[in-house]
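Going down the list, the protein sequences come from chains Y and U. Position 13, counted from 1, in the first sequence is what numbering that gives the first Met the number 0 calls 12; the numbers after and before it change by one each time, with no gaps. Position 20, counted from 1, in the second sequence is what numbering that gives the first Met the number 0 calls 19; the numbers after and before it change by one each time, with no gaps.
Cβ-Cβ distance ranges computed for the label pairs, FRET-style:
#: 1; chain 1: U; residue 1: Asp92; chain 2: Y; residue 2: Asp62; range: 33 to 43 Å
#: 2; chain 1: Y; residue 1: Gly123; chain 2: U; residue 2: Ala102; range: 17 to 27 Å
#: 3; chain 1: U; residue 1: Asp92; chain 2: Y; residue 2: Arg101; range: 44 to 54 Å
#: 4; chain 1: Y; residue 1: Gln30; chain 2: U; residue 2: Ala31; range: 15 to 25 Å
#: 5; chain 1: U; residue 1: Arg15; chain 2: Y; residue 2: Asp44; range: 40 to 50 Å
#: 6; chain 1: U; residue 1: Ala102; chain 2: Y; residue 2: Ser71; range: 15 to 25 Å
#: 7; chain 1: U; residue 1: Asp43; chain 2: Y; residue 2: Arg101; range: 35 to 45 Å
#: 8; chain 1: Y; residue 1: Arg113; chain 2: U; residue 2: Thr28; range: 18 to 28 Å
#: 9; chain 1: U; residue 1: Arg15; chain 2: Y; residue 2: Glu7; range: 30 to 40 Å
#: 10; chain 1: U; residue 1: Leu116; chain 2: Y; residue 2: Gly107; range: 16 to 26 Å
#: 11; chain 1: Y; residue 1: Arg15; chain 2: U; residue 2: Ala31; range: 24 to 34 Å
#: 12; chain 1: U; residue 1: Gly98; chain 2: Y; residue 2: Gly45; range: 45 to 55 Å
#: 13; chain 1: Y; residue 1: Tyr100; chain 2: U; residue 2: Ala18; range: 32 to 42 Å
#: 14; chain 1: Y; residue 1: Arg99; chain 2: U; residue 2: Ala18; range: 31 to 41 Å
Facing chain Y, a subset of chain U residues (Cβ under 10 Å, in silico):
#: 15; residue: Phe5
#: 16; residue: Val26
#: 17; residue: Phe27
#: 18; residue: Ala34
#: 19; residue: Pro37
#: 20; residue: Val64
#: 21; residue: Tyr67
#: 22; residue: Glu68
#: 23; residue: Val72
#: 24; residue: Asp76
#: 25; residue: Ser77
#: 26; residue: Ile78
If you are wondering where the hints come from, they were derived from the structure by calculation, not from laboratory data. Think of the CB as a built atom: it goes at the ideal place given N, C-alpha and C, for glycine as much as any other residue.
Take a look at the letters that make up each chain.
Protein chains: 2
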Amino acid sequence: MTPERFQELSREESLRLLASVAVGRIVFTHQALPAIRPVHHLVDDGQVIVRGDPGTILLSAVDTVVAYEADSVAADDSIGWSVIVTGMARRLDAASPPGRYRALEGDGYFIQIRPELVTGFHAGPRA
Amino acid sequence: MTPERFQELSREESLRLLASVAVGRIVFTHQALPAIRPVHHLVDDGQVIVRGDPGTILLSAVDTVVAYEADSVAADDSIGWSVIVTGMARRLDAASPPGRYRALEGDGYFIQIRPELVTGFHAGPRA
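From just these sequences and the hints, can you work out the full model?
Next comes the structure, spelled out in structure tokens:
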């Protein structure tokens, strides 16, 4: 594992990278403790949409400020990039989500995360 | 992406899986917001050890309860397993860490996470 140098990414580039992968992790608070779950996502009209399976603890995230992270890790375990979106999570009405949301695996409801803060970095080899 | 069925893992199996990979994500609070950063880790004598690069926001995690998550995502974007450790994060004295911690990439300090809660799941195909 080579030491890395981190470069900040623009909001646009960060959202583009986030949309290029299907799995990320939602970060929230559950029973006053930090909680995190890997989920599938898509980016739709600038909003992050994730699927909450029935019965999971993800309902704790609804109507709170959450973080959502996706990253790329290479075969040599180096971290290529990481994108973190922070914003309010809302539950979407199950009757109204567009058909394209069906690409998200599983049953259950959808959660929309508004990307109020978007940060990202790319790791290159140290100069 | 096939719908999945989740099976809970034991603490021992969860820690074994965590130790089998090199990258995870530490979850903490920074400026009153949920924060997450991908880092390298190792499991040493039952403790999770991660590297905090100089100047990062990871110092916000020190002396707080954090979550640490690692997972396995297959080439078809299905989530194979996920392990989440929750516990107090402590900064280790840079002068004292064992030589084996040098396997963790980069400069900076080490953070030890005590696995007070360990949860994990394995996702198999839906029956």
